[in-house]
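Chains as they are written, first to last, in our numbering: chain S, 43 to 434; chain F, 179 to 599; chain E, 181 to 356.
In case anyone wonders, no lab produced these hints; they're calculated from the structure.
Just so you know, these numbers come straight off a predicted model, no measurement behind them.
Quick reminder that beta carbons are idealized off the backbone N, C-alpha and C, glycines included.
Some hints here could point you the wrong way.
Stated by the list, open to error - No farther apart than 30 Å at their CA atoms in a straight line, the calculated lysine-lysine pairs in the DSSO-like style are these:
1) Lys348(F) / Lys192(E)
2) Lys315(F) / Lys78(S)
3) Lys251(E) / Lys85(S)
4) Lys188(E) / Lys95(S)
5) Lys315(F) / Lys188(E)
6) Lys592(F) / Lys550(F)
7) Lys192(E) / Lys95(S)
8) Lys220(F) / Lys307(F)
9) Lys348(F) / Lys251(E)
10) Lys169(S) / Lys215(F)
11) Lys307(F) / Lys195(E)
12) Lys78(S) / Lys348(F)
13) Lys323(E) / Lys597(F)
14) Lys264(E) / Lys251(E)
15) Lys95(S) / Lys195(E)
16) Lys250(E) / Lys78(S)
17) Lys195(E) / Lys89(S)
18) Lys192(E) / Lys315(F)
19) Lys323(E) / Lys78(S)
20) Lys307(F) / Lys255(E)
21) Lys132(S) / Lys315(F)
22) Lys341(E) / Lys597(F)
23) Lys202(S) / Lys215(F)
Unchecked claim - Rough simulated footprint, nothing fancy, chain S against chain E, three-plus residues with beta-carbon under 8 Å:
24) 187-197
25) 238-244
26) 324-333
Single-letter residue listing:
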Amino acid sequence: MFLPNEYEFSCFVKINSGTRALEHLPHELDALNARKPLIVAGKDVSKEGHVRKLMSAFRDSGMTIGVCDDISGPFDAPLIEAITNLYRNKDHDSIVAVGSGSIVDVAKVLNVSVSYGGRTLRELAGKNGIPNPLDPFIFVPTAGGDGYETSRYAEIEDMKFSSDFLMPDLVVIDPRMVTSRDTRIIVATAMTALAHAVEAYTSPAKNHITDIYAHAAIKYVAEYLIPVVRHPADRDGSCALANAACMAGCVVSDMTMGMAHILGETIGAMFGITPGICMGIVLPYTVAHRALHFGARTADLILPLAGFDDCAKISPSLSDAVAVTMMIDLQHELNGQTHGGIPRTLEEADVPPYMLQDIAERCITDDLPGYTYSDYLTVVKQAWEGSPAMNG
Amino acid sequence: MRRAVRMHLPGYYEFSARVKVVSGHRVLEKIPAELRKLGASKPFIVTDNGVSSAGLLEIVTDSIRSGVTIGAVADDIPQDSDVCIINDLAGIFRERGCDSLIALGGGSVIDTAKGINIVISENTYDLMKFSGAGRLKRALKPLIAVPTTAGTGSETTMVAVIADHERQRKMLFVSYFLVPDVAVLDSRMTLSLPPAMTAATAMDALCHAVEAYTCLAKNPMSDICALEAIELISRNLLHVVNNPGDKDGRLALANAATLAGMAFSNSMVGMVHALGHSVGSVCGVPHGMAMSVLLPYGLEYNMHKVSHFIAELLFPLAGSEIFARTPKHLRAERVVTIIRKLNQDLHDATGGRHARFFGEVLDRHGAHMVEKEKIPDIARTALGDGALFYNPEDLDYDDMLMVMEGAWEGVPLKRNLIKSG
Amino acid sequence: MVSYREVKPGGKPFKRAYVAVMLWFVGRAVQAAARVDRAVAREFDDLPDSFTFCLGVEPRGPFMVVGKSKKGRVKYLGWNPAGKEIDLAMRIQNMEAAILLFTFQENNALSACRNRITVDGDIPAACAMMRVIDIVEVYLLPKMIARLAIKRYPSWSFRRKYLGRIRIYFRSVLGY
Chain S
43 MFLPNEYEFS CFVKINSGTR ALEHLPHELD ALNARKPLIV AGKDVSKEGH
93 VRKLMSAFRD SGMTIGVCDD ISGPFDAPLI EAITNLYRNK DHDSIVAVGS
143 GSIVDVAKVL NVSVSYGGRT LRELAGKNGI PNPLDPFIFV PTAGGDGYET
193 SRYAEIEDMK FSSDFLMPDL VVIDPRMVTS RDTRIIVATA MTALAHAVEA
243 YTSPAKNHIT DIYAHAAIKY VAEYLIPVVR HPADRDGSCA LANAACMAGC
293 VVSDMTMGMA HILGETIGAM FGITPGICMG IVLPYTVAHR ALHFGARTAD
343 LILPLAGFDD CAKISPSLSD AVAVTMMIDL QHELNGQTHG GIPRTLEEAD
393 VPPYMLQDIA ERCITDDLPG YTYSDYLTVV KQAWEGSPAM NG
Chain F
179 MRRAVRMHLP GYYEFSARVK VVSGHRVLEK IPAELRKLGA SKPFIVTDNG
229 VSSAGLLEIV TDSIRSGVTI GAVADDIPQD SDVCIINDLA GIFRERGCDS
279 LIALGGGSVI DTAKGINIVI SENTYDLMKF SGAGRLKRAL KPLIAVPTTA
329 GTGSETTMVA VIADHERQRK MLFVSYFLVP DVAVLDSRMT LSLPPAMTAA
379 TAMDALCHAV EAYTCLAKNP MSDICALEAI ELISRNLLHV VNNPGDKDGR
429 LALANAATLA GMAFSNSMVG MVHALGHSVG SVCGVPHGMA MSVLLPYGLE
479 YNMHKVSHFI AELLFPLAGS EIFARTPKHL RAERVVTIIR KLNQDLHDAT
529 GGRHARFFGE VLDRHGAHMV EKEKIPDIAR TALGDGALFY NPEDLDYDDM
579 LMVMEGAWEG VPLKRNLIKS G
Chain E
181 MVSYREVKPG GKPFKRAYVA VMLWFVGRAV QAAARVDRAV AREFDDLPDS
231 FTFCLGVEPR GPFMVVGKSK KGRVKYLGWN PAGKEIDLAM RIQNMEAAIL
281 LFTFQENNAL SACRNRITVD GDIPAACAMM RVIDIVEVYL LPKMIARLAI
331 KRYPSWSFRR KYLGRIRIYF RSVLGY
């Protein structure tokens, strides 16, 4: 059994998930000592009526709320400054971000900006640049996302912020907000979560508490992704996948980020494919490679992937291979369910074979030392062909 | 292989585990740095007699002395601490100009520290004004919890139970702000715990986890916490009881207690705790001991409602092989058997000090702690315990009597007498 | 460049009215049950005299208040807790939670599990009131619905169940 030697970990995020979760907001804000929240939402999200649903949850609460719901790019420092001024002038004391992806970065950096009067954002950026707790920050996810929403990171322009205090105090997952009809978005979000969670779960830097969040995220995706792709209106399933994204975000860190993440981002950027889709393609191959050459704890994945019954049936000597196979199977089933819409291999994703060396070269980064050009090249080749490295 | 949806996903749930966990064999030394991060430098250490006479206080003060100024130390928190004591201690805190708290001990010390923290941070003399849910409206002073029992899990919870002896009541305080900032799990803190205490406190943690997994407010996150806690306990407890010096095992149990705390603070506990609290308050039986006796009975009583959840516990309790070998319909019963066997093994390993049923719980003079005539009292008290809300099946007075009588004699419940409707 | 507006969200008048009616009826039924049913009477006997219990929706109502008089008689005390000394308050966190509860989509226990009801006051008294409400539900509701609302449907005698039901309905409507 796994026993971490020495570790420290904290996750401030509380999760409220399920039926009528939005209606708990006034009460939760009150418990966080917030009386006048500012709702921050992107234009796209408010067009879909999500902000209206959120506001109706405040009926009968007696609260006054401020709404900035047509934020559109560029998401830059002047934008933050403008909202900061509104926040201060109108006496707001908390932030509710609705949406996913970069609007959440805006909200996080806004929280830094409103909490630190005298200092410029640039001074606060960098690793652990924020020493004190910020104002209450609540995040209401909608479908989609980049996997960083609940993480300790935020990015605006070229400034990167990193602090535990950036994590939302509360994530409200309501079926009315998180369902989506776009299977590609569903898959990309879920696969980002799966990749991050798998990497955290098999990382040598893991501990009992990160295991909780990673285990949950893997389990949610393994059990609910296919049903939701089949029936996108599935409310429970959509909530479960939003939970997966949230949990995986909680354990994303420099320590646990792995090859699948880097490859996904790099290939996504090079060929204009959603990074989450790429992460899904390369994940099984990176896991197989790391099991073979880096002693990653791949066998542990069986329990969250397969559940008690199947896990108990699998012989421990085979569990590495079965875990990899299960993830490849998942990819194949997604491909089948979407009638080929989700590629199984990099070949199907239209990545030209002569670019593989180029990809491997660009993946090498200081953020993730230890993996060489040949590691990346081996994995990309396998992911292109669809044949993983297996022991024996 | 075909995946199927197997997890229990409730229509609505909440989960939070806000405490920062710092765990290892030599992590007390990190306390000064953690305090600095929280903007504090002069902690008030509160603990109890047992802890300080076991030399644990000294270990802590030696480990942190070079990094912080210790403002004051109170090493005489009684088991049944109350409002008066809290007000006195808050006075010392103010007098010495402390700016943070270190709670070193079990549940009652940590709750006392939470109480002091409310009095100080809200600058009040009337603690009771803040009882109930959500009355605290701002962050309190930094509080670091250093558990010394590997059982209660209070280091993770957002509640404090504080007694008011004058008015004879116990008040519940619930707030996000009551969660300690840091829980420091250092194997040195539990290394000297005697085998019987180790057994009782670990069984307390096991009860937290098992009830969290089988009671009404369970959710996927608390389930995973519970499973991990159960696995850690079942793989380490007997070994640690037989080899008290096993540092890794000690740390595993401390982690298990914290994980179990995260599980039950989110999904609450049920009838085992309702009865256990009452056995404690009516007869003075130590909490962990009452828990270990009652656990199999609680499972038997709830079996007809939640056998499918109980069955899943066979996996972390017995390992994958036994799980696979046991037919599905027998797994839940097997779980009860294994827990009974664990109690028996602990009984043997502690030279009979770990009780298997209430009839053999004896006090220092060899007399029964739970007298049979007290059972009706216990049953009545248990009817007023909030944990009943979360139990899958209803219990009335007669049901309580039946369970207690079984637990007194040490005979399994007669299933045909358990009412269902 | 950033649009901003301040909103004071309105109310939910229809849901509010429905919940108010339900609370009114529950309050009167508790009063009636305390006079008709021995188990309910016993629960109230164990509570201190002039004990007041309030059940309602946060933050702006509706509420219902039931109390014991100094002589120990249980009485429905109206919809307004203001000015009364409340010993035990069960607060439903929001109107939607109240709707889930009073349309029997969630029972008391589940609602408490989901943090939709919070209890303020003495816990033993809260347990007693939960039992009282369970019994009242068995009286008021047909078995099919009551089974959703409580954990274990009791096996009562014909006399207790049906005669009691008639008497409680009668008394609740007439209010004595």
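Quick rundown of the hints versus the structure:
no. : hint                  : verdict
1   : Lys348(F) / Lys192(E) : 38 Å, violated
2   : Lys315(F) / Lys78(S)  : 14 Å, holds
3   : Lys251(E) / Lys85(S)  : 63 Å, violated
4   : Lys188(E) / Lys95(S)  : 14 Å, holds
5   : Lys315(F) / Lys188(E) : 23 Å, holds
6   : Lys592(F) / Lys550(F) : 19 Å, holds
7   : Lys192(E) / Lys95(S)  : 14 Å, holds
8   : Lys220(F) / Lys307(F) : 27 Å, holds
9   : Lys348(F) / Lys251(E) : 27 Å, holds
10  : Lys169(S) / Lys215(F) : 14 Å, holds
11  : Lys307(F) / Lys195(E) : 33 Å, violated
12  : Lys78(S) / Lys348(F)  : 34 Å, violated
13  : Lys323(E) / Lys597(F) : 17 Å, holds
14  : Lys264(E) / Lys251(E) : 17 Å, holds
15  : Lys95(S) / Lys195(E)  : 17 Å, holds
16  : Lys250(E) / Lys78(S)  : 43 Å, violated
17  : Lys195(E) / Lys89(S)  : 27 Å, holds
18  : Lys192(E) / Lys315(F) : 28 Å, holds
19  : Lys323(E) / Lys78(S)  : 45 Å, violated
20  : Lys307(F) / Lys255(E) : 28 Å, holds
21  : Lys132(S) / Lys315(F) : 21 Å, holds
22  : Lys341(E) / Lys597(F) : 18 Å, holds
23  : Lys202(S) / Lys215(F) : 21 Å, holds
24  : 187-197               : holds (count 7)
25  : 238-244               : holds (count 3)
26  : 324-333               : violated (count 0)
Checked against the numbered hints listed earlier, the structure breaks hints 1, 3, 11, 12, 16, 19 and 26; every other hint is satisfied.
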